[in-house]
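Peer 1: Line by line, the protein sequences are chains L and G. According to the working numbering, the residues represented by the first sequence are 1 to 433, in order. According to the working numbering, the residues represented by the second sequence are 1001 to 1181, in order.
Derived by calculation from the structure, the hints in this document are not laboratory data. Just so you know, these numbers come straight off a predicted model, no measurement behind them. Just to be clear, a hint being listed does not mean it is correct.
[To be verified] Straight-line alpha carbon distances no greater than 27 Å define the calculated DSS-like cross-link-like pairs of lysine-lysine that follow:
1. G:Lys-1120 / L:Lys-30
2. L:Lys-110 / L:Lys-41
3. L:Lys-246 / L:Lys-380
4. G:Lys-1161 / L:Lys-33
5. G:Lys-1120 / L:Lys-110
6. G:Lys-1120 / L:Lys-33
7. L:Lys-30 / L:Lys-41
8. L:Lys-110 / G:Lys-1113
9. L:Lys-33 / L:Lys-110
10. L:Lys-362 / L:Lys-351
11. L:Lys-110 / G:Lys-1161
12. L:Lys-41 / G:Lys-1113
13. G:Lys-1161 / L:Lys-30
14. L:Lys-362 / L:Lys-246
15. L:Lys-179 / G:Lys-1113
16. G:Lys-1120 / L:Lys-41
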Amino acid sequence: MKFNCHFKMLLLSACFSSTMLTSCDGEQSKVNKPYRAEILKFVPSSTTSGESWVVAEQELATLENLDTLEGSFFSMTLGGLIKINSNIGSLIDASSNSSPVRANLRYTTKNGVIVPRDTSTLLALSSYFAFEQTLAVLQESTGIDPNELKKNINGPYRIYFEPSLTEKDENESAFLTPKLNAAFNPESNDFYLFRRSELESIPFSANIKVISHEFGHALFKNSFNANSAEICRTSEEEINARMADKFFSGRWSNEYAISGINEGFSDFNSYIVTSSTNVFTDSLPGFSSESRSLTGPAFVFSQLTNDIVCSGRFYCIGTLFARALYGVAQYYKNRSDLMAFSRRVYTALEKSRENLRASPAKDILPMPSKEAASCIRRSKLSLSYDGAITSAFLAAFLQSFSAGEEKKNLCENLRNLFGNYGFSQEARIVCES
Amino acid sequence: MSVNLDPLMNLISLGAAFAASNRNDGGGVTSRIHHYEVFAHSYLRSRSEGLFFRPGVRFGYEHIPDEEAPQSIKIREQSFRGGLELGILYEGFMVPSVSLQAGVLRRQLTLEKGSQITSKSTDFPTIEWLPMGTLNLGLGLPIEGGKLILEPFYRFVWIAKDTRQTSQWGIDASWSLSFEN
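All chains, full assembly: derive it from the sequences and hints.
Peer 2: Structure, rendered in structure tokens:
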């Protein structure tokens, strides 16, 4: 009898709590498109001191399904397991070998606005919004219709939010959860936003400066790589043939200097989207990132063998390229002129690939080194070899610019930053036309 | 040696518990959560030999370490919970038990932000009330003739609209207080 009484009390308590309290718990399902959410957003400014961040209500214009985070241009997976084959900086050759984890967002709605209830949901929606913001300027900054870009990759880009990785070598495999990074996989067109960390101020995953940098890699692939992943894979039999072929498939994805140019273009894209000159400052305020800053202490190509000057390996070549572009961008005081310049940069990048096959770039371009032909990635700069590659690239790149003040300024910047090693006399011929 | 539960009609016990759980934070990575609880049980003889019912009440606090949270932005969660429970246990050399808990979790959500972030949101802090229930499997180890019982347990957890944690494990320590009729 007593048991029955206690059991009924327990049952009543459970029923009471589930029926009465659920109604106090917000209405998670009643939210309509276009979705609006409280998210973390970057507010750009023409000056670094004027930049700020705000938590505010924003529209997630391209998000189609809140439960699965599927959208017109981006689909986000929370978690997921990624198998890493190799990586070059923030470019990753990897595959997802597990089913994506369904988005498990926690939020309530107030007046139709999604209010995150945990840090993961806040950051995931903020990341999604940052990708949307990056896409919003795409047409203006590159001339590409976002729908065309989507068509080129056969669907939306997939974003893995805080995935885990497995890394395999011949003997063992490791399971890891990287932090303090983000990456783009050109083969699968996936973005990886790695786990948040207590070392970050603004988390990388929600930092539009980082996200627009990674998106720059996607644009580099779409332009310079003609939308091909161009992964360099080793094949012993092919090495000799490759060493005799300046344009073997996969060369550009593995060349140290071109990796640097890719990083530099991505930094420039981050600047175009955010007006910010340093990708890292808001996320890692204590980290010395001056060598990646577009306005940091000056250094030139010939100093890049000295790690004290710049320790970022091929990223340092990227900084030089981005600084040269940034220097020209400073001449454009209004937004439409700046965007027009950005479009010319993108077009030049697109044409560089073909221009490399023509004089003078073709003649300057060295035959692939054995390492390059073997898909071995160097960790050190070779002034002569990499300098010849940057010279060839810059000649091909500049060829698309019409003669005039802009080209003159760009040539001048490149001359000052790359010097004779990285922008040889033979390459500079294009500046005269 | 078995526990003498015979006079338990007149017995209640008071106790404290420590538990831990892994919370899936949206990706494949988990955070460890610590739970601190206090509880009171009474014991009711059933008609079957050696079987007792154990109704009780339990209150707890969830501590969520945020070592991994970024410095400038996070939603801090502070949770208290309270509920009723009913268990069935068997008196023996050890005291295995199965119990159900039903209750509610009160969670305060606070947006914590660094100085470079401003907020236009008026939706924080906010409080959510979440119904919850657990299925608890325990194995009591009587000490001092049953005056003190240490009971390691494993719980399956259900929290409404929060599937980040699905189980907890820990230990109950309870002291019996007997009364004269």
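Peer 1: Against each hint, give a clear statement of whether it holds in the structure.
Peer 2: Hint check results:
1. G:Lys-1120 / L:Lys-30: Cα-Cα ~23 Å, so holds.
2. L:Lys-110 / L:Lys-41: Roughly 19 Å between the alpha carbons, so the hint for Lys-110 of chain L and Lys-41 of chain L holds.
3. L:Lys-246 / L:Lys-380: Satisfied, since the Cα-Cα distance of roughly 21 Å is no more than 27 Å.
4. G:Lys-1161 / L:Lys-33: Distance ~22 Å between Lys-1161 of chain G and Lys-33 of chain L Cα, so the pair holds.
5. G:Lys-1120 / L:Lys-110: With Cα atoms ~14 Å apart, Lys-1120 of chain G and Lys-110 of chain L stay inside 27 Å; holds.
6. G:Lys-1120 / L:Lys-33: 22 Å, holds
7. L:Lys-30 / L:Lys-41: 24 Å, holds
8. L:Lys-110 / G:Lys-1113: Distance ~21 Å between Lys-110 of chain L and Lys-1113 of chain G Cα, so the pair holds.
9. L:Lys-33 / L:Lys-110: Holds, at roughly 14 Å.
10. L:Lys-362 / L:Lys-351: Measuring from Cα to Cα gives roughly 14 Å; hence the hint holds.
11. L:Lys-110 / G:Lys-1161: 17 Å, holds
12. L:Lys-41 / G:Lys-1113: Holds. Lys-41 of chain L to Lys-1113 of chain G sits at ~13 Å (cutoff 27 Å).
13. G:Lys-1161 / L:Lys-30: 14 Å, holds
14. L:Lys-362 / L:Lys-246: 8 Å, holds
15. L:Lys-179 / G:Lys-1113: 20 Å, holds
16. G:Lys-1120 / L:Lys-41: 11 Å, holds
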